[in-house]
Amino acid sequence: MKKPWYEYMWTVSALYLILGFFNILFAWLGLLCFFIPLIISAAKGTKAYCNKYCGRGQLFSLLGKKFRLSRNKPMPRWMTTKWFRYGFLTFFMIMFIQMIIVTVLVFKGARGLSETVKLLWVFRVPWSWAYRITWVPAWVSQFAFGFYSVMLTSTILGLITMILFKPRSWCVYCPMGSMTQLLCQVRLRKYEQ
Amino acid sequence: MAKKLAQIDKAVCVACGSCVKVCPRKAISIWQGLYAIVDENRCIGCGICAKECPASIISIERLEVGA
Ligand code: SF4
Ligand code: SF4
Ligand code: SF4
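Those protein sequence lines, which keep their order, are chains A and B.
The first sequence begins at 2 in the working numbering and counts up by one.
The second sequence begins at -4 in the working numbering and counts up by one.
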């Protein structure tokens, strides 16, 4: 049986991460996998993005199962609670807003461009080799560094829980997944009224 | 008649669809982006979905189904 095209979306996810090592401006493309899931959920009231198209879920599944990198153990109970899930979503959003604020500060000239990628919200990794197109406004590059940091950080977390627990453990606390499910809930409630 | 069936804890389901992808009988679907539901007529209680679910919230139980 031939696999449908969307079963290969993991290549897009992998490519995205690789491109960020060569030119940080590619990070902007990541906005697509931020808005598309939300648009699908808001317009259709489904999690079709998670259920079909998300390359990240596929990537973890592939690494965990085909490459046998996962211990395949259940996650600890506290990690599957709503508290943890929404707690992580809140934390993630606060960090996201902070990243936007930094971008605005650079835009205003109140801060210089930082050619680093911040991993796990703590570790600043020099990343100037990927800063190639220098003629764009500094804030454009700052956002790229910031957004790529978010993407790489979440991938690292996802990889860790992929190895420790089930392959797609990330999906249990993925902020995108939580947000799309929340949107579906809100939509349904509106519909029922 | 008793039959082995997959039971999903809706309250904690994250609707990720991992279970849908692996079910050999296409017995699971995601309802309105909220949680997974099992079609009792299709499910054969093989447990593949239970192993796959990242939240480990699927259990295989022996249940009475309509005569
Ligand atoms: S929960 Fe996150 S990683 Fe998993 S399929 Fe959905 S968007 Fe992708
Ligand atoms: S794999 Fe588990 S959490 Fe994901 S949709 Fe199925 S039952 Fe829900
Ligand atoms: S137990 Fe087997 S047949 Fe039943 S829903 Fe799960 S994977 Fe499908």
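What the hints contain is simulated information worked out from the structure, not anything from laboratory work.
Idealized CB from N, CA, C, for every residue including glycine.
Among the hints, erroneous ones may be present.
[As the list claims (entries may be wrong)] Below, a sample of chain A positions facing chain B; criterion: calculated Cβ distance under 8 Å: (1) Thr47; (2) Leu70; (3) Cys172.
When the least beta-carbon distance from A/Thr47 to chain B is tested against 8 Å, hint result = Result: holds, 5 Å to nearest chain B Cβ.
Tell me if A/Leu70 is really an interface residue toward chain B, meaning its C-beta lies closer than 8 Å to one of theirs.
-> violated, 15 Å
Closest C-beta approach of A/Cys172 to chain B relative to 8 Å, hint status | Since the shortest Cβ distance to chain B is 4 Å, the answer is holds.
When held up to the earlier numbered hints, the structure conflicts with hint 2 and nothing else.
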